[in-house]
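Q: The chain contents come next:
2 protein chains.
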Amino acid sequence: MEPVLLYDTTLRDGTQGENVNFSAEEKIKIARKLDDMGIHYIEGGWPGSNPRDRRFFELARDIRFKNARLAAFGSTRRPGIRPEEDSNLKELVRSDTPVVTIFGKTWDLHVRIMNNTPAENLAMIEESVAYLKGKDREVIYDAEHFFDGYKDNPDYALETLWAAHRGGADMLVLCDTNGGTLPFELTAVFREVREAFSRENIRFGIHTHDDSGMAVANTVEAVHLGAAMVQGTINGYGERCGNADLTAVIPILKLKMDRDCIRDEDLKKLRRVSRFVSETANIVPLNSRPFVGRSAFAHKGGIHVSAVMKEPRAYEHIDPVRVGNDRHVLVSDLAGKSNVEFKARELGVELGGNGCNSRQIVTAIKEMEQEGYQFDAAEGSFRILLEKLTEQYEPTFDLEAFRVTIEKDKDLPCTAHATVKVSVEGREEITAAEGSGPVSALDNALRKALHSFYPDLDEMHLVDFKVRVIDGRAGTAAKVRVLIETRDPDHIWSTIGVSEDIIEASWQALADSFQYKLAKDRGNGFRSKDCRMEVHQAV
Amino acid sequence: MEPVLLYDTTLRDGTQGENVNFSAEEKIKIARKLDDMGIHYIEGGWPGSNPRDRRFFELARDIRFKNARLAAFGSTRRPGIRPEEDSNLKELVRSDTPVVTIFGKTWDLHVRIMNNTPAENLAMIEESVAYLKGKDREVIYDAEHFFDGYKDNPDYALETLWAAHRGGADMLVLCDTNGGTLPFELTAVFREVREAFSRENIRFGIHTHDDSGMAVANTVEAVHLGAAMVQGTINGYGERCGNADLTAVIPILKLKMDRDCIRDEDLKKLRRVSRFVSETANIVPLNSRPFVGRSAFAHKGGIHVSAVMKEPRAYEHIDPVRVGNDRHVLVSDLAGKSNVEFKARELGVELGGNGCNSRQIVTAIKEMEQEGYQFDAAEGSFRILLEKLTEQYEPTFDLEAFRVTIEKDKDLPCTAHATVKVSVEGREEITAAEGSGPVSALDNALRKALHSFYPDLDEMHLVDFKVRVIDGRAGTAAKVRVLIETRDPDHIWSTIGVSEDIIEASWQALADSFQYKLAKDRGNGFRSKDCRMEVHQAV
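So the sequences go chain by chain: A and B. Counting along the first sequence from 1, when you hit position 261 you're at 260 in numbering that gives the first Met the number 0, and nothing is skipped either side. Counting along the second sequence from 1, when you hit position 248 you're at 247 in numbering that gives the first Met the number 0, and nothing is skipped either side.
Just chain A, same shape as in the assembly (with noise of 0.2 Å):
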């Protein structure tokens, strides 16, 4: 059987998901991730539209892909004009990619919106198309609301596929754009459509929207009745309710339904690369998403470990390997002797030197886990951790007290200010200093105490903040879970701490982040890559 053509529209489509935004660069990012992963075809972004696509595709036009082709988007020329006279057309050719898809109106009721005529808009998509064609490129033709158009009217539905076919289209995507459309209706409008154009050689792709809570279901029923290519984003992000989930549908394909889409050993980059684009979108990850989520293989009490592990496809539908996920049987994700040796080799860091076997390590892991920390997120506390626990830790300052004062008066803004006081090798440093609230002053002041010793702070700087109260039915009193994410031109790293008192637990995540930064610097042990993303294969 053909294999089935992955379309990832993360770039494009799912930017219009609430706060999924990237820049130009991030968005570079993850196209070499999705290349690398296996996907056929990445939307980069609509030029016409924004300065910041524009931007990316130049920046595009210097890589090497190896797997990818590359699509701009775009619309089909305005009404009244010729295709070369349509700035917006004129853009998609000047982004100089392989690939340009672009989006027609199906459904007469908005072209009647649009004031516009059915006739006109049939010359619009038939010659927009074949400009296109003209300036050999590969072009994919949307059909926008196609379900909703065709049910309402089938027959301009169809009219609008035979334009994009005279136009000479390699590909006619049936696009379900306000995702209402359910499965068994589907079937019936896809088999209609195949229908009527049996006699030609025409390949058929599916793009869906969860609205109903139907996309990923949509988009694998279309490729069962015979679509050739699916379009959907990097963990269903995009407008609304979202896209077809494409870490769900490409396992979907690979291992439930035996289609050749991406090769094992990429199908593995999934949960990860799910991760990267949440990280880089700066949302935090659903832990029940299906196959790439925290959760999706996770056993609860009363099912006996062992039994899962003689009969795992009793309690498993899928091996969690085949998509870079892990079982996830006990308490804690780093509970276990093997993934804990695993992860301290990832981190460079020699067990067993002092007598604390991994066991040991468990445990302590798994107390703090109870007491709020959650180390798969903070791998630079993780180290820190596990070189105390083998007596191999080594700060490179301590830390012999601090003051952080916040102060309001009336209705004037809070002030704050903090001394820290440290010591390096015996000498002791006292500074003060202000922030735009008592975490900022803290770290003015540490860094300010620091900078004697340690003239290389400036180049490591915050890039997150994130606190979580852990319990908020305690109030107030509540414990605190701080997590911080620094950067330096290499490396991208992440501590952590926890307490009743946020500024202890700033401090904690504070502490280690520099307590980090420093180690790494003298070398020991450390790997040049970034350990962020590390942490994310290993657990």
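Keep in mind that the hints were calculated from the coordinates and are not lab data. The hints are all genuine.
Because identical chains cannot be distinguished in the list, a pair is counted as satisfied if it fits within a single copy or across any two copies.
Derived pair list, reagent style DSS-like, types lysine-lysine, alpha-carbon separation capped at 27 Å: (1) Lys32 with Lys267; (2) Lys465 with Lys28; (3) Lys478 with Lys465; (4) Lys150 with Lys255; (5) Lys409 with Lys365; (6) Lys465 with Lys365; (7) Lys365 with Lys309; (8) Lys134 with Lys65; (9) Lys309 with Lys267; (10) Lys365 with Lys478; (11) Lys65 with Lys132; (12) Lys409 with Lys387; (13) Lys478 with Lys409.
Fit chain B to the given chain A structure using the hints.
A: Then chain B, alone, in the frame of chain A:
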């Protein structure tokens, strides 16, 4: 056509989900909401498995539900004993519910794993069902792992159904326990089962899990093929990737398949029930959730609002009002004159007194939302804001000043203390207090300072405290949003603060909470209802 029976298992299977925990009292509250919405069956728990569920059934005994029949859940008897000797079955009878649901093994692989024989398993099913029927219960039989079992050994899978049927089961529910079944596979199996039982008058139900992202699709497909009952949970909460989400299943049945299940006016409660369950579970509601999510009917920039208004069906797959949701065309949920006016009426605040009209209020809200405020989650602060804008605000106390100090020495724990000076009607009071963190110290000091003026403050306590870093990329100088929820014997309310300084943000939320409580006790314009819930209705 027969109505589709809605069977909710949020209180049992839903609590298998990560972080989904309810007390017996919370379960009662949720059961009342489900009953009020017209759900036909409510599965309250597994009384044989834990004391909390037993307590739930004790509490439930005194409640007369308007629409719902209560179900207790358990397993078939243990091998080798008679049903009347089985403690689990006895516990089910003791629960005194009109309905009992028991599950049994379909898949011979599982029978072998449990070291049981296929014949004894059949006897367990038949005898357990018959025993419960003999106790005059409606008996629903959940065929665990049905689809996987059927794929492996269809004959044995059917035999287990026959056993339940012989026992007298009122409903045979086919379960996709591992969540690995695709809709077209389900279709084939369901048809064969229907065929096998075509001479009997048997009703089938469906119970699905979302491990392949297919839970809702499979449920809908089963109804399409004739299933008489759907089992699912509110918000799809459940083990691993969750169960079939009733907040999607119900509107699909009702609005898209035109199947009788709940009344139109009850369907409008859907979003509120969804929010109530997520609030009670203390889980952030998913904005992208189909039908009930905040973004489910959001329209981004490109589309002209007037076009949506003129032809909603061109852009929306259903009318959001039918499920109690809203079109979301603007930046803010609260933007829009009519919304603000509606909300002010809800909260008992009169607008227009000082010439500040609704339009100006909308502008002020939008500006604050730009800064990071989110009033849909903080109606206490919203009420105060409305009063301030309309010059009706009468503070019950004024802050003169506070000082918060956090101290840490070496490895000792942090200590935090706060000094607060307030004035009430010209009289000043200054106090100090410690706390388990700076916010807790501030809370304690404020409470102490106000105590001599307002002794009723004792009955108020904080029940939730949430901190969100608004844009973590600014590191420790990022803006922070604090949400506080407070309760007294009659009410629950929530307040908000936003600042780069976490202490100041916490102070704003704390101060608003105290102000709200004290103004409420004075009685001006307040309604006696739970205001938090009112907000979910209004927004």
